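Chemist: Protein sequence lines, in the order shown, are assigned to chains A and B. This note's numbering numbers the first residue of the first sequence as 401 and each following residue consecutively. This note's numbering numbers the first residue of the second sequence as 28 and each following residue consecutively.
You may find that some hints are simply not true.
Here are the simulated lysine-lysine pairs, DSS-like style, with alpha carbons at most 30 Å apart [what the hints assert, rightly or not]:
id : chain 1 : residue 1 : chain 2 : residue 2
1  : A       : K577      : B       : K81
2  : B       : K32       : B       : K61
3  : B       : K180      : A       : K414
4  : B       : K110      : B       : K32
5  : A       : K492      : A       : K461
6  : A       : K538      : B       : K98
7  : A       : K461      : B       : K180
8  : B       : K71       : A       : K577
9  : A       : K422      : A       : K492
10 : A       : K577      : B       : K110
11 : B       : K71       : B       : K61
12 : A       : K574      : B       : K52
13 : A       : K538      : B       : K81
14 : B       : K52       : A       : K538
15 : B       : K32       : B       : K71
16 : B       : K98       : A       : K588
17 : B       : K98       : A       : K422
Calculated directly from the structure, the hints in this document are not laboratory data. Just so you know, these numbers come straight off a predicted model, no measurement behind them.
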Amino acid sequence: MTFDSTSDNTLMVKVKNGDLEKLGLLFERYHRRLFGFFYRLTSRRDLSSDLVQDVFERILKYRNSYTGEGEFSSWIFCIARNLYSDQYHRMKQNGEYENPEESGFSRDKEEIHRDEYDESGDRMLLEQALDRLDSEKKQALILSRIEGFRYREIAEITGCSESLVKVRIFRGLKELKEIVAKLGKEEKRDRSGKTTKTDPDTKSNMF
Amino acid sequence: MINEKYIDLVTGYLQDTLDDEERRKFDELVESGKIDWAETREWKALFHEMGTVKVPEPDPTMNERFHAFLKAEQQQQELEQQKRWTSLLRGQLPGTGQLLQSLWKTVAGTRDNMRKMSRAVFEIRRYAYVFGIFLTGLIIGIYLVDRNHQEEKIDRLTAEIYELREMVMVTLLDNHSAVDRLRAVNISMDIPPEDQRVAEALLKTLNNDPNINVRLAATDALVRHASNPEVRIALVASISRQESPIVQAALADVMLELQEPRAVEEFKKLLADNGMDTLVRYKLENTIRQL
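Hey, can you work out the whole structure from these sequences and the hints?
Modeler: In structure tokens form, the structure reads like this:
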């Protein structure tokens, strides 16, 4: 644990000791990253904002459990990941979960791309393909590529072994490539005016 | 197609974490065609491309929501602190309750000083009750007043609690039980060192208490008050009054810690005693040398 007075770990220890003001600094440092993480998983802006708020409420509620061991970033993303997992299960139970394959591109993403009409088609395909990956693979890829965590850290965050993280990354990329290729073909067919068939072998998002 | 048995090398390659040995092995497998280089590069490109996926700006109200939540939590924390002060004053916290209970038991058990101590205890209880009522009223008053002055009021309450502790300490120091007198010295550690009455009580204890352990504890407690010049002079004067070698040695340590040169003459007076314990003599000589 570092003893730099401005390090995340030090700030969190101060929050634990009753200096709640320091949580504001941690919010400034992490809220955008957390928002991005939740958005890439849920594709929903409102829900992502709610989940960010929930992360900090949970940090405050369980601040006495903070030990200062390891990186603070791993700890906060572990909380974030658990919250997302709870939310996902809740939504599935209540029937609120939208399967991206059935609903198409999410509304929020349509909003982004409407303003960027000349957006590279490949990037849009990649986003659609990411939406279709199962949650565990998607999380592993996002935490690795976007958030920059090492596989060991991702294992701590997601509560599994480092080997399993590598398997998810490996298979996730393999699937991503296949889905991008498939979506690319469908798009070409759409552009040329032919009817698109739904492939019965395509997997839906599952845990 | 990339074989899963090379998963460690391929995932290491994706994150650029291969060490030299692993990199060498990876290159060999690529050269031999066992790892499909074209496909690996496609995966790497895809992995890299993921970083370009855009995310909208967060809702601007997110900041406001968080800060409103934090403010509410801070207010809740202050409220809980006030409740704790109230409990302390009413003797509901374990330390204070036990202290007052012990005082009462000690007083009740002493035949000779019963009447005198009862009066003293009665006075203390009366003061404690008065303080309790006063402070309760004060706390209620504080609660109804503008919360922006919280810190000032908490400081006042803190000062009043210190006064109560001082009163208990001074009373216990007059008690016949060495355990209670020791307890009194320990209580002094929770009172700010600027308190003159506490320093005087500790000096009196150092010079007059019949129990060595109590005098030793008073010696240690007085170090906190050593920034007061009068306390330092009194500590030096106390040296020649001590007959116990243990207390003499403790005072030598204190003088060394304080770097008090005025103690040298007093130690020399002690060394004139031929019957002094050899180890203490050695210690005093050493202290004189260092001062």
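Chemist: Could you work out which earlier hints the structure fails to respect and list their numbers in ascending sequence?
Modeler: 4, 6, 9, 10 and 16
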